[in-house]
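Engineer: Here the protein sequences come in this chain order: A and B.
If you read the first sequence in our numbering, its first letter stands for residue 1, the second for the next number, and so on.
If you read the second sequence in our numbering, its first letter stands for residue 1, the second for the next number, and so on.
Hints listed in this document are in silico derivations from the structure and should not be mistaken for laboratory results.
You may find that some hints are simply not true.
In silico contact screen, one side only, chain A against chain B (beta carbon under 8 Å); selected entries [claimed, not checked]:
1) Ser-37
2) Ala-38
3) Glu-82
4) Glu-84
5) Leu-95
6) Glu-125
7) Pro-337
8) Glu-340
9) Trp-348
10) Glu-391
11) Leu-399
12) Glu-401
13) Arg-402
14) Phe-422
15) Glu-424
All C-beta atoms in this analysis are idealised placements derived from N, C-alpha and C, irrespective of residue type, glycine included.
One letter stands for each residue in the lines below.
2 protein chains.
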Amino acid sequence: MLETAELGRKVGKQEYKEQVPLLRTELLLVQNQLRNSAEFSAIVIVAGSDAAGKGRTVNVLHEWLDPRYLQTHAFDQPTEEESERPLAWRYWRVLPPKGRISVFLGSWYTEVISARLRGELDEAEFKQALAHLNNFERQLTDDGTLLLKYWFHIPRKIQKKRLKKYASDPNQAWRVTDQDRRNLRHYDELLPICDQLLRETNAPHSPWFLVEGSDRRYRELTVGRHLADAIRNRLGVQPACPAPPVVPASLSAIDPEQPTVLSSLDLTQHLTREQYKSELEELQARLNWLSREAHRKHVSTVLVFEGADAAGKGGAIRRVTAALDARRYEVIPIAAPNDEERARHYLWRFWRRLPRAGNWTFFDRSWYGRVLVERVEGFAQEAEWRRAYEEIRDFEELLCERGIVLVKFWLQIDRDEQAKRFAEREKVPYKQYKITEEDYRNRGKWDQYEAAVNDMVEQTSGLQTPWTLVEANNKHFARIKVLRTICDRLQDAVERKK
Amino acid sequence: MLETAELGRKVGKQEYKEQVPLLRTELLLVQNQLRNSAEFSAIVIVAGSDAAGKGRTVNVLHEWLDPRYLQTHAFDQPTEEESERPLAWRYWRVLPPKGRISVFLGSWYTEVISARLRGELDEAEFKQALAHLNNFERQLTDDGTLLLKYWFHIPRKIQKKRLKKYASDPNQAWRVTDQDRRNLRHYDELLPICDQLLRETNAPHSPWFLVEGSDRRYRELTVGRHLADAIRNRLGVQPACPAPPVVPASLSAIDPEQPTVLSSLDLTQHLTREQYKSELEELQARLNWLSREAHRKHVSTVLVFEGADAAGKGGAIRRVTAALDARRYEVIPIAAPNDEERARHYLWRFWRRLPRAGNWTFFDRSWYGRVLVERVEGFAQEAEWRRAYEEIRDFEELLCERGIVLVKFWLQIDRDEQAKRFAEREKVPYKQYKITEEDYRNRGKWDQYEAAVNDMVEQTSGLQTPWTLVEANNKHFARIKVLRTICDRLQDAVERKK
Numbered sequence: 001m002l003e004t005a006e007l008g009r010k011v012g013k014q015e016y017k018e019q020v021p022l023l024r025t026e027l028l029l030v031q032n033q034l035r036n037s038a039e040f041s042a043i044v045i046v047a048g049s050d051a052a053g054k055g056r057t058v059n060v061l062h063e064w065l066d067p068r069y070l071q072t073h074a075f076d077q078p079t080e081e082e083s084e085r086p087l088a089w090r091y092w093r094v095l096p097p098k099g100r101i102s103v104f105l106g107s108w109y110t111e112v113i114s115a116r117l118r119g120e121l122d123e124a125e126f127k128q129a130l131a132h133l134n135n136f137e138r139q140l141t142d143d144g145t146l147l148l149k150y151w152f153h154i155p156r157k158i159q160k161k162r163l164k165k166y167a168s169d170p171n172q173a174w175r176v177t178d179q180d181r182r183n184l185r186h187y188d189e190l191l192p193i194c195d196q197l198l199r200e201t202n203a204p205h206s207p208w209f210l211v212e213g214s215d216r217r218y219r220e221l222t223v224g225r226h227l228a229d230a231i232r233n234r235l236g237v238q239p240a241c242p243a244p245p246v247v248p249a250s251l252s253a254i255d256p257e258q259p260t261v262l263s264s265l266d267l268t269q270h271l272t273r274e275q276y277k278s279e280l281e282e283l284q285a286r287l288n289w290l291s292r293e294a295h296r297k298h299v300s301t302v303l304v305f306e307g308a309d310a311a312g313k314g315g316a317i318r319r320v321t322a323a324l325d326a327r328r329y330e331v332i333p334i335a336a337p338n339d340e341e342r343a344r345h346y347l348w349r350f351w352r353r354l355p356r357a358g359n360w361t362f363f364d365r366s367w368y369g370r371v372l373v374e375r376v377e378g379f380a381q382e383a384e385w386r387r388a389y390e391e392i393r394d395f396e397e398l399l400c401e402r403g404i405v406l407v408k409f410w411l412q413i414d415r416d417e418q419a420k421r422f423a424e425r426e427k428v429p430y431k432q433y434k435i436t437e438e439d440y441r442n443r444g445k446w447d448q449y450e451a452a453v454n455d456m457v458e459q460t461s462g463l464q465t466p467w468t469l470v471e472a473n474n475k476h477f478a479r480i481k482v483l484r485t486i487c488d489r490l491q492d493a494v495e496r497k498k
Numbered sequence: 001m002l003e004t005a006e007l008g009r010k011v012g013k014q015e016y017k018e019q020v021p022l023l024r025t026e027l028l029l030v031q032n033q034l035r036n037s038a039e040f041s042a043i044v045i046v047a048g049s050d051a052a053g054k055g056r057t058v059n060v061l062h063e064w065l066d067p068r069y070l071q072t073h074a075f076d077q078p079t080e081e082e083s084e085r086p087l088a089w090r091y092w093r094v095l096p097p098k099g100r101i102s103v104f105l106g107s108w109y110t111e112v113i114s115a116r117l118r119g120e121l122d123e124a125e126f127k128q129a130l131a132h133l134n135n136f137e138r139q140l141t142d143d144g145t146l147l148l149k150y151w152f153h154i155p156r157k158i159q160k161k162r163l164k165k166y167a168s169d170p171n172q173a174w175r176v177t178d179q180d181r182r183n184l185r186h187y188d189e190l191l192p193i194c195d196q197l198l199r200e201t202n203a204p205h206s207p208w209f210l211v212e213g214s215d216r217r218y219r220e221l222t223v224g225r226h227l228a229d230a231i232r233n234r235l236g237v238q239p240a241c242p243a244p245p246v247v248p249a250s251l252s253a254i255d256p257e258q259p260t261v262l263s264s265l266d267l268t269q270h271l272t273r274e275q276y277k278s279e280l281e282e283l284q285a286r287l288n289w290l291s292r293e294a295h296r297k298h299v300s301t302v303l304v305f306e307g308a309d310a311a312g313k314g315g316a317i318r319r320v321t322a323a324l325d326a327r328r329y330e331v332i333p334i335a336a337p338n339d340e341e342r343a344r345h346y347l348w349r350f351w352r353r354l355p356r357a358g359n360w361t362f363f364d365r366s367w368y369g370r371v372l373v374e375r376v377e378g379f380a381q382e383a384e385w386r387r388a389y390e391e392i393r394d395f396e397e398l399l400c401e402r403g404i405v406l407v408k409f410w411l412q413i414d415r416d417e418q419a420k421r422f423a424e425r426e427k428v429p430y431k432q433y434k435i436t437e438e439d440y441r442n443r444g445k446w447d448q449y450e451a452a453v454n455d456m457v458e459q460t461s462g463l464q465t466p467w468t469l470v471e472a473n474n475k476h477f478a479r480i481k482v483l484r485t486i487c488d489r490l491q492d493a494v495e496r497k498k
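Work out the full structure, taking the sequences as your base and the hints as a guide.
Structural biologist: Rendered as C-alpha cells:
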C-alpha cells in the first residue's frame with residue numbers, strides 16, 4: 001500500500017496560510033459539537049515511519065483544537081504496573097469517554113511491529129496478534145467509537161536525511177532515538193512487516209489512511225481536514241447498525257488537486273514500431289519457455305486486466321496468449337453477472353474459474369468490478385463495496401498461499417486518447433461491435449472512476465499482490481510492459497519453486 | 001462448551017410420533033417459501049463427534065424436506081482437482097444459490113481438526129486457520145446466507161459403545177472407519193481442540209448450536225425444528241444491515257421441557273453444621289497458604305460471583321476473603337454503571353479494576369450483567385448482548401494468556417428458597433437494607449433469567465474459563481464448594497508456575 005504515499009504531495013506556503021485559520025475554526029466547532037452531543041468518542045491513531053512528522057503533527061493538533069478536551073497518550077516500554085496486567089490493559093484504562101478526542105501516538109501497533117522485527121513473533125504469531133488488534137478495534141467501533149488511523153510514511157532517502165539533520169543539530173538531537181537508528185538500518189525488513197500490518201488491520205470499520213509525511217504543510221492540513229470531516233460526518237448520524245462508520249473514503253478525496261497514483265503516471269512514454277517488434281519477439285520467446293517450466297513445476301497463473309473502455313486490455317491479452325499453449329489457458333471476459341451468478345456471492349464466479357495446476361486464467365475485467373463499476377454506478381451498496389476490499393484481500397491471499405502467481409494490471413489512458421480510440425472504432429467496420437452506448441455513459445463519470453481506481457490501488461496493493469499500473473496511451477509501450485511484468489513475476493515464481 | 005450437551009435430553013416414542021408429521025409439514029412449507037422468495041440461501045453445517053448421529057440426521061432431513069431442492073456435500077481427502085487450488089475452492093464451487101438449502105457434512109471444520117490433532121498445525125497456526133474460517137463465514141453471512149452450524153456431541157462412553165456395536169454388526173460395520181477408531185483413541189486430545197474450535201468460531205453472525213446426540217428422536221426433532229424456525233424467522237425480514245441474522249437464541253429455546261444445565265443441578269445437596277465447620281477451617285487454612293504462594297509467584301486471581309438475588313454471593317465471598325491478607329484483595333460490587341462508566345465501553349470498568357501481580361479482585365456481579373440483566377431488562381439491544389459473548393471470550397482469553405487465574409461462579413437457588421430468604425431478610429433488621437423493590441421485580445422474570453443463564457454458560461464456558469455451577473439452596477454446601485474450587489484452581493496455577 002505504501003507506494004501510494006510517495007507521490008510528492010505538497011501544499012504551498014500561501015495556501016497553507018490561507019487555509020489554517022479556516023481549518024482551526026472548523027476543528028474547534030466540531031470538537032465543541034462532539035463534546036456537547038457526547039454521542040461518541042474519537043480515537044486518533046498516529047503511527048508510521050520515524051521522522052515522518054508524527055510528533056509535530058500531534059503538536060499542531062494540540063494547537064488547533066481546544067487542548068483541555070484533547071488528550072494524547074504515548075506508550076513506551078510497559079511500566080511495572082502495566083506489565084502485571086494483560087498488555088491491552090494500558091489502552092483500555094485510558095479510553096476517552098463519549099464526547100472527547102484522544103490521540104494515541106504509536107499505540108498498540110508499535111509493539112507488534114517491534115516484536116516482529118526482533119523475531120519474537122513468527123509469521124503465524126504475528127498474524128494472530130494482528131487478528132487480536134482487529135478484534136479489539138471492532139469492539140471499540142461496535143461500541144460507537146470513531147477510530148481514525150493515520151499512517152505517516154516517508155521514503156527511506158528522506159528519512160535518512162532527516163535523521164542525520166536532527167542528529168547534527170544540538171536542539172533536535174533528542175528526536176533521534178536508538179530505536180530510530182535501528183529501524184533505519186532495518187528499513188528493508190521493516191517495510192514488508194508494515195505493509196502486511198497495514199493490509200491486515202485495514203478493516204472496513206477501522207481503515208488506515210496513508211499520509212505522505214514529506215511535506216509538513218501537506219500532512220498537517222490533510223490530517224486536520226480529514227479529522228474535522230470525519231467527526232462532522234458522524235455527528236447527528238445515528239447509525240442503525242454498527243456497520244461501517246461514516247468516514248471520507250480516502251485522503252485523496254480531501255484535496256482533489258493533489259497528485260494521485262494515476263495522475264503521477266507519465267503517459268507520454270512510448271516505443272517505436274521497431275523497438276516494439278524486436279522486444280515483443282524476445283519477450284514472447286522468453287514467456288513461452290517460462291510457461292513450459294511453470295507447467296512442469298505446477299505453477300498456476302492468474303492474470304487480472306482492468307482499465308477504462310478502449311484502454312487496450314484485449315490487445316494486451318492477445319500478445320500474451322500468443323506465446324502460450326492454447327490447451328493451457330482460458331480467457332474469461334467479465335460482463336454483468338448472469339442469473340446463476342447473481343444468485344450467489346459475487347466472488348463465486350471467480351472462484352470457480354481458477355486454473356488447474358500449471359495452467360493460466362486471464363480475467364478481462366475481474367472481481368474488481370465490485371469496487372469500480374458497481375461502486376460508481378451504485379449497483380453495490382456502500383457497505384458492500386467497502387467491505388469488498390477486505391474480501392478481495394482475503395481471496396488473493398489464499399491464491400498466493402497456494403503458490404498461484406497473481407498479476408494485476410491497470411491500463412491507464414487519458415480522456416483524449418479514449419475519444420480518439422472511440423472515433424477510430426466507429427470507422428473500422430470490424431471494430432464497431434466494440435463500442436456501445438454504455439461506453440459513452442461511463443465516459444461521463446471519468447472523475448468518479450478515477451477516484452475509485454485510486455482507492456482500489458491504495459486498498460488492494462500488497463507486496464505479494466501488487467498492482468502494475470501500465471501507461472497505455474501508447475499501445476506498444478503498454479503491451480511490452482505487460483509482457484515483461486508477467487515474465488519477471490513468473491520467472492521469480494518458477495525459480496523459487498523446487 | 002461441551003458439558004452443556006451431556007444433560008440426557010430425550011424425546012419419547014409417542015411424542016416423536018405426534019410431532020414428526022407437524023414438523024414435516026412445517027419444513028416443506030418454509031422450504032417452499034424460501035425457494036419462491038429466493039431471498040437468501042441456507043447452509044446447514046453438521047459436524048461433531050463420530051457416531052453422534054450426524055449421518056442419520058442428514059438422512060432424515062432428506063426424508064422430511066423436498067430432496068429435489070436439498071443438496072448434501074460431504075468432503076473427504078482433497079481430490080487431485082481440489083488439491084491444485086486453494087483449499088477453499090471446493091467449498092466455494094458448491095455454494096447454493098439463493099432460495100436453496102445445502103447441507104455440508106463435516107465441512108471446513110473436519111480438516112482443521114484433523115490437521116491440529118496430527119500436529120500439522122501448531123497453536124498459533126490453528127488459531128489462524130480458525131480466523132480464516134471466521135472470515136469466510138462472515139463473507140457468506142454478510143452476503144445474506146443463513147448459516148446454521150450444528151455440533152453433535154455424545155460422551156465418550158456412549159461413543160465407544162456405539163462404535164463397538166456397529167463394528168460387530170455386519171450390516172453396520174461400514175460405519176466405523178479407521179479415522180473413527182483413531183479419534184476414539186485420542187478422545188482426550190480431541191476434546192480441548194474441539195472446545196477451542198467451538199469457542200473461537202462461535203461468532204455472533206454464525207453461532208454454533210450444540211446438539212445432544214445420545215437420543216435419536218431428540219436430535220432429529222431439535223435440528224428439524226430449529227432449522228424450520230430459523231428459516232421462517234429470516235423470511236420476509238429484509239435486514240437493513242448485515243448485522244446478526246435472526247436465529248433462535250439457542251437450542252434450549254426450542255423445547256423448554258428439556259433439561260438444562262441449571263435444571264440438572266441437584267439442589268438438595270447440603271452439609272451439616274459440623275461438616276461445614278470442619279471443612280471451612282481446613283479449606284481456609286489451605287487457601288491462606290496458597291494465597292501466600294501465589295503472591296510470591298506473582299499469580300493474580302480474578303473471581304466472578306453471579307447468581308439470583310439472595311443466592312448468597314456476599315456470604316460466600318466473605319468466607320473466601322476471611323482467609324486472605326486484607327492488603328491483597330479488593331471486592332468490587334457491580335451495580336448500574338455511573339456516568340463515567342456509561343460514557344465508555346461496558347468492559348472498561350472491569351479492565352481498570354484488574355489486580356496487580358499476586359493480588360485478588362472479587363467481582364460481586366460482573367461483566368456478565370451484559371448478557372443477564374441488560375439482556376432481560378432490555379438495557380442492551382439484541383445486537384449488543386449477542387456480540388457480548390464474543391467480547392467476553394476475548395477479554396477472558398487475554399486474562400488467561402497473562403496467567404491470571406479466573407474463577408467464575410454461578411450460585412443457583414430455586415424460587416422457593418429465594419422467597420424464604422426474602423421473607424427472612426424482611427424480618428431481620430440488619431438485613432432489611434438488602435431487599436428492594438427491584439428484587440421482587442426480577443423475581444417475576446425468573447424464567448427469562450434462567451434462559452439467559454443457560455445461554456451464558458453455554459456460550460462462555462471454555463476449558464480454561466469454565467463456569468462452576470454451585471448448588472446454593474444450602475449455604476453451607478455452597479460456601480464449601482466455592483472455597484474448594486478456588487483452592488483447586490489456585491493450587492494448579494501455583495504448581496504450574498515456576
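Engineer: Return the numbers of the hints above that this structure violates; sort them in rising order.
Structural biologist: 1, 3, 7, 14 and 15
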